[in-house]
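Position chain B relative to chain A; hints supplied.
Protein sequences, first through last, are from chains A and B. 270 is the number that our numbering gives to position 270 of the first sequence; each next residue is one higher, with no gaps. 88 is the number that our numbering gives to position 88 of the second sequence; each next residue is one higher, with no gaps.
Just so you know, these hints were derived from the structure itself, not from any lab. Since this is a predicted model, take the numbers as computed values, not measurements. Beta carbons are placed, not taken as given, at the ideal position from N, Cα and C, and that holds for glycine. Worth double-checking, as some hints may not be accurate.
[As the list claims (entries may be wrong)] Taking lysine-lysine pairs in the DSSO-like style, the calculated list, with each CA pair at most 27 Å apart, reads: (1) A/Lys77 with B/Lys273; (2) B/Lys204 with B/Lys230; (3) B/Lys204 with B/Lys449; (4) B/Lys155 with B/Lys185; (5) A/Lys98 with A/Lys261; (6) A/Lys77 with B/Lys449; (7) B/Lys273 with B/Lys185; (8) B/Lys282 with A/Lys98; (9) B/Lys449 with A/Lys261; (10) B/Lys273 with B/Lys404; (11) B/Lys155 with B/Lys230; (12) B/Lys185 with B/Lys404.
[Said to hold, decoys possible] Here are some, though not all, of the chain B residues that point toward chain A, as calculated from beta-carbon distances under 8 Å: (13) Thr127; (14) Tyr168; (15) Ala293; (16) Gly297; (17) Gln301; (18) Leu303; (19) Thr304; (20) Thr437.
[Unchecked claim] Computed beta-carbon distance windows for the label pairs: (21) B/Asn373 with A/Val109: 55 to 65 Å; (22) B/Asp458 with A/Arg4: 51 to 61 Å; (23) A/Val20 with B/Tyr472: 25 to 35 Å; (24) B/Asn268 with A/Val109: 51 to 61 Å; (25) B/His372 with A/Leu171: 55 to 65 Å; (26) B/His372 with A/Ile23: 54 to 64 Å; (27) A/Pro246 with B/His372: 53 to 63 Å; (28) B/Tyr472 with A/Ile149: 39 to 49 Å; (29) A/Ala140 with B/Thr216: 54 to 64 Å.
Given next are the chains, with one letter for each unit.
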Amino acid sequence: MDPRLITAVVVVVGVPAVLVGYIMATEQVLRIFPERLKPRIRPWLWLAPALAFLFVYLVYPTIGTAVRSLQDQLGTKWVGLNNYAWFFSDSGTLSALKNNVIWVVLLTVLTVGFGLLIAVLVDRVRYESVAKSVIFMPLAISGTAASVIWLFMFAYQPHGAAQTGTLNAVLTPVGVGPVPFMTVSNFSLNTILLVIVMTWMWTGFGMVIISAALKSINPELLEASRVDGANEWQVFRNIIFPLLTPTLAVVATTVIITALKAFDIVYVMTNGNFDTQVIANAMYQELFLNDDFGRGSAIAIVLMIAIIPVMAVNIRRFQAQEAIR
Amino acid sequence: MIQGRSHGIRIGTAVVALVLVAGACSSSATSAPTAAPATAAPASAAAAASVAGVASAAPAPSLSASAVAAAQAYAATLGKPGGSVSVLAVWGGPELAEFLAMVKPFEDATGITVNYTGTRDETAVLTTGIASGQLPDIAGLPGPAQMQQYAAAGKLQDLSTMLDMSAYTSQTPSSLVQLGTVSGKLVGVFLDVSAKGQIWYDPKIVGDLASNPPATWTDLQTLITQDKSKAQAPWCFSVASGAASGWPATDVLESFVLHTQGPDYYNNWWQGKVKWTDPGMKADWQQLGQMVAESYGGANQDLTANFANAGDPLFTTPPGCLFLHQASFITGLGAFANEQKLTDYNFFPFPAITPQYANAVEGAGDLFGAFHNTPQAAELMKYLVSSQAQTLFVAPGEFLSANKGVANYPNPMNQKLGAILSGATSFVFDASDQMPTPMQTAFYQGLLKYIQYPDQLDSILQNLDSTQASSYTTH
Numbered sequence: 001m002d003p004r005l006i007t008a009v010v011v012v013v014g015v016p017a018v019l020v021g022y023i024m025a026t027e028q029v030l031r032i033f034p035e036r037l038k039p040r041i042r043p044w045l046w047l048a049p050a051l052a053f054l055f056v057y058l059v060y061p062t063i064g065t066a067v068r069s070l071q072d073q074l075g076t077k078w079v080g081l082n083n084y085a086w087f088f089s090d091s092g093t094l095s096a097l098k099n100n101v102i103w104v105v106l107l108t109v110l111t112v113g114f115g116l117l118i119a120v121l122v123d124r125v126r127y128e129s130v131a132k133s134v135i136f137m138p139l140a141i142s143g144t145a146a147s148v149i150w151l152f153m154f155a156y157q158p159h160g161a162a163q164t165g166t167l168n169a170v171l172t173p174v175g176v177g178p179v180p181f182m183t184v185s186n187f188s189l190n191t192i193l194l195v196i197v198m199t200w201m202w203t204g205f206g207m208v209i210i211s212a213a214l215k216s217i218n219p220e221l222l223e224a225s226r227v228d229g230a231n232e233w234q235v236f237r238n239i240i241f242p243l244l245t246p247t248l249a250v251v252a253t254t255v256i257i258t259a260l261k262a263f264d265i266v267y268v269m270t271n272g273n274f275d276t277q278v279i280a281n282a283m284y285q286e287l288f289l290n291d292d293f294g295r296g297s298a299i300a301i302v303l304m305i306a307i308i309p310v311m312a313v314n315i316r317r318f319q320a321q322e323a324i325r
Numbered sequence: 001m002i003q004g005r006s007h008g009i010r011i012g013t014a015v016v017a018l019v020l021v022a023g024a025c026s027s028s029a030t031s032a033p034t035a036a037p038a039t040a041a042p043a044s045a046a047a048a049a050s051v052a053g054v055a056s057a058a059p060a061p062s063l064s065a066s067a068v069a070a071a072q073a074y075a076a077t078l079g080k081p082g083g084s085v086s087v088l089a090v091w092g093g094p095e096l097a098e099f100l101a102m103v104k105p106f107e108d109a110t111g112i113t114v115n116y117t118g119t120r121d122e123t124a125v126l127t128t129g130i131a132s133g134q135l136p137d138i139a140g141l142p143g144p145a146q147m148q149q150y151a152a153a154g155k156l157q158d159l160s161t162m163l164d165m166s167a168y169t170s171q172t173p174s175s176l177v178q179l180g181t182v183s184g185k186l187v188g189v190f191l192d193v194s195a196k197g198q199i200w201y202d203p204k205i206v207g208d209l210a211s212n213p214p215a216t217w218t219d220l221q222t223l224i225t226q227d228k229s230k231a232q233a234p235w236c237f238s239v240a241s242g243a244a245s246g247w248p249a250t251d252v253l254e255s256f257v258l259h260t261q262g263p264d265y266y267n268n269w270w271q272g273k274v275k276w277t278d279p280g281m282k283a284d285w286q287q288l289g290q291m292v293a294e295s296y297g298g299a300n301q302d303l304t305a306n307f308a309n310a311g312d313p314l315f316t317t318p319p320g321c322l323f324l325h326q327a328s329f330i331t332g333l334g335a336f337a338n339e340q341k342l343t344d345y346n347f348f349p350f351p352a353i354t355p356q357y358a359n360a361v362e363g364a365g366d367l368f369g370a371f372h373n374t375p376q377a378a379e380l381m382k383y384l385v386s387s388q389a390q391t392l393f394v395a396p397g398e399f400l401s402a403n404k405g406v407a408n409y410p411n412p413m414n415q416k417l418g419a420i421l422s423g424a425t426s427f428v429f430d431a432s433d434q435m436p437t438p439m440q441t442a443f444y445q446g447l448l449k450y451i452q453y454p455d456q457l458d459s460i461l462q463n464l465d466s467t468q469a470s471s472y473t474t475h
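Chain A with its partners taken away, still in its complex shape (with noise of 0.2 Å):
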């Protein structure tokens, strides 16, 4: 029998007959307990498997990058800071440090803003799921595969060569370029064109999530401020915006990490050559190229302590909003 089949049998039967059998374990277990503790104790025995598992796959690992980190090369030695000094000396990772600066700062402005901007657009149009489908479509696009579509985009040939690349076959015959664009570091220029792509793809996701919360004003709070002279801009500055301001951080936050953790596109697209390296990149040369494990793990250390803020402002927020309801 074809192994494959074995295993979708174990999976199907095997994992439910295991929940079931550990709650009712779990059940046997608590006979100890006088009947004033259970309901105490219980929920704790539920949880146990899904903390164990964090604590091998995410706690444990995360305590044995931050030792590698102080350690060297091979983690043999310890080495104190000097991973650290390294990345905050190095050209190549200050440099990667700048662009991540870049990612975030515009990627948040870029996917916030136009998110926003279509989502009150459409929300006054007929054709609005249409709309919104067409913008949504390439965030179900791998990073990998979107990356490919605009090397083709970008793509250069020389003078008088045909361009195959779909911005310079437009820009050729007017007179701009040919534009070598993922080889232009002039202020930051193949950065931002990375930007673009990962916009093109996380623009949908604003969207949605701003849509969504859009549809959920009250309209008769709209309705009642027009009734009261309000132009349809005071309508949007004074009521709708700040009702979306919880909204727009979660997306502002969710997109920040995204820009922090970018790698697929920088690393098909560039491979951070051209002045274009990004932190999640360097960590994987240090890493996989290098086979340096102790600068590795301190990139990604550093790059952990970089999105932590970001995280604690979320959990806040989201908390927060548990609170109201």
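Okay, now just chain B, sitting in the frame of chain A:
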């Protein structure tokens, strides 16, 4: 109104589901990137994201029955322990079909099953494999530097206990035996080799140069001046190759270093004993810069066009360029694959610069080592390096053999390439492949930067010096 609201909630739910799907897609894409190590680069254009073990993807090459019978007869003399042996390498597509056709007689004669896994990300797979202990029996190694590293970690088997050493050393050029030896133990063997630093051209444009090639670099410059009007630029030069972009330029620089400074300087250089800021080294970089300046489309084309298509402008009307510097494997890539050997394209060896180094040749190849010394692995290793198996491997015309006993190449061009390799007065291996990986990465990036900003040469070389200072010892 109420309808509008529930509509919003439905969309919200759908969004969450889609986001999860999209997230899963993109994370699976990022977790398995296909880094092409330098030695794997030649074929990476053909299948940038080849799937592991697709043996049926390409048709098996047709091989002469007598050669197959000879290989099978040799395999019959080996032990028959049964069982299986696992092999990991970079090949996919036609190259994989040729490899599998080579091992078929072995499987038939010995009853040992060969389980092949293909990956373009050999370095990452083996690095994590060494950490976790999940290693194949036999594996293609990314390059000599990684081989040294795995051997130092005690993971590679001493092949002298697996091979018939007297047969191996008598059939293999001593320089290749030397390259596979780490502290007195043979740990790597070459299943195939390629001749780097060949100059390719279209005989219909520049005439037949094969019988009367330019003997010196000066002669070649004269030829270029004379034929200048026949193409838009003298040279084709493209260095893009995904994550390994830059390696084609390292080959060009290596040709200049080898032919200007000689093999000793060359070997000292990759061993970290010659500074990048050395005046001789800088002069060679400037030679490369000259080639870039005279290249079709200039630096922007060089940096953005894939190396596999580097030679395509040779065959356009009017031609984009007259000459292309590349290794022997280019004949299977880009427009070359659709043109006729000898009539549409031909090659001559890199011309002499310093006369006494005229016959120095740079080569590269696929190194193989064993991680487990099982009887099955030992029998397969013996078979793979034998002249009978190698004869099958070179028959389709893709590979050149490291075995001196293989002479029956399928066409005159491969015969000539094979003769260049076996007739070299001194044979050196690809320098960038032998450097420690951080040095190699910095070398690639330095060349890309130089092609883009030729005026920054001094600072680029100083940067490489500082990488050199830190990467040859652990820090």
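Hints, verified against the model:
1. Of the pairs offered as hints, the one joining A/Lys77 and B/Lys273 holds, with about 26 Å between alpha carbons and a cut-off of 27 Å not exceeded.
2. As the CA atoms of B/Lys204 and B/Lys230 are separated by approximately 11 Å, the hinted pair is consistent with the 27 Å bound.
3. A threshold of 27 Å between alpha carbons decides the hint, and for B/Lys204 with B/Lys449 the separation of about 35 Å lies outside it, so the pair is violated.
4. For a cut-off of 27 Å, the pair hint linking B/Lys155 to B/Lys185 stands: about 13 Å separates their Cα positions.
5. Under the criterion of a C-alpha separation no larger than 27 Å, the hint pairing A/Lys98 with A/Lys261 is consistent with the structure, at around 14 Å.
6. Pair hint A/Lys77 plus B/Lys449 does not hold up; C-alpha atoms about 34 Å apart against a cutoff of 27 Å.
7. Between the alpha carbons of B/Lys273 and B/Lys185 the distance comes to roughly 24 Å, so the proposed pair stays at or under 27 Å and holds.
8. Only pairs whose Cα atoms come within 27 Å are accepted, and B/Lys282 paired with A/Lys98 is rejected, the gap being roughly 31 Å.
9. Proposed proximity of B/Lys449 and A/Lys261 is supported: the alpha carbons are some 25 Å apart, at most 27 Å.
10. Distance hint between B/Lys273 and B/Lys404 is unfulfilled; the C-alpha atoms sit about 32 Å from each other, more than 27 Å.
11. A threshold of 27 Å between alpha carbons decides the hint, and for B/Lys155 with B/Lys230 the separation of about 55 Å lies outside it, so the pair is violated.
12. Distance restraint check for B/Lys185 and B/Lys404: the Cα-Cα separation of roughly 21 Å lies within the 27 Å cut-off, and the hinted pair is therefore satisfied.
13. Annotation: interface hint on B/Thr127 holds; nearest CB of chain A at approximately 6 Å, less than 8 Å.
14. The criterion of a C-beta within 8 Å of any C-beta in chain A is not met by B/Tyr168, whose closest approach is roughly 30 Å, and the hint is violated.
15. Because the closest C-beta pair between B/Ala293 and chain A is about 14 Å apart, greater than 8 Å, the hint is violated.
16. The closest approach between the C-beta of B/Gly297 and any C-beta of chain A is roughly 3 Å, which is under the 8 Å cut-off, so the hint is satisfied.
17. For B/Gln301, the suggested interface contact is upheld, since its CB lies about 5 Å from the closest CB of chain A, less than 8 Å.
18. Checking B/Leu303 against chain A by beta carbon gives a least distance of about 5 Å; that is within 8 Å, so the hint holds.
19. Contact between B/Thr304 and chain A, as hinted, is supported at the beta carbon level, the nearest pair being about 5 Å apart and thus within 8 Å.
20. With its C-beta approaching chain A no nearer than about 5 Å, B/Thr437 sits inside the 8 Å limit, and its interface hint holds.
21. For B/Asn373 and A/Val109, the Cβ-Cβ distance of about 60 Å falls inside the hinted range of 55 to 65 Å, so the restraint holds.
22. Between B/Asp458 and A/Arg4 the beta carbon distance is about 59 Å. The supplied range of 51 to 61 Å therefore holds.
23. Our hint of 25 to 35 Å for A/Val20 and B/Tyr472 is violated, since their Cβ atoms are close to 59 Å apart.
24. For B/Asn268 paired with A/Val109, a C-beta distance near 52 Å keeps the hint of 51 to 61 Å intact.
25. The given range of 55 to 65 Å is respected by B/His372 and A/Leu171, whose C-beta atoms sit roughly 57 Å from each other.
26. A beta carbon spacing of about 44 Å between B/His372 and A/Ile23 contradicts the range 54 to 64 Å that was offered as a hint.
27. Range check, A/Pro246 to B/His372: about 58 Å between beta-carbon atoms, so the 53 to 63 Å window is met.
28. Judged by the Cβ atoms, the range 39 to 49 Å given for B/Tyr472 and A/Ile149 holds: they are separated by roughly 41 Å.
29. The beta-carbon spacing between A/Ala140 and B/Thr216, approximately 59 Å, falls within the hinted interval of 54 to 64 Å.
This entry does not satisfy hints 3, 6, 8, 10, 11, 14, 15, 23 and 26, going by the numbered hints stated previously.
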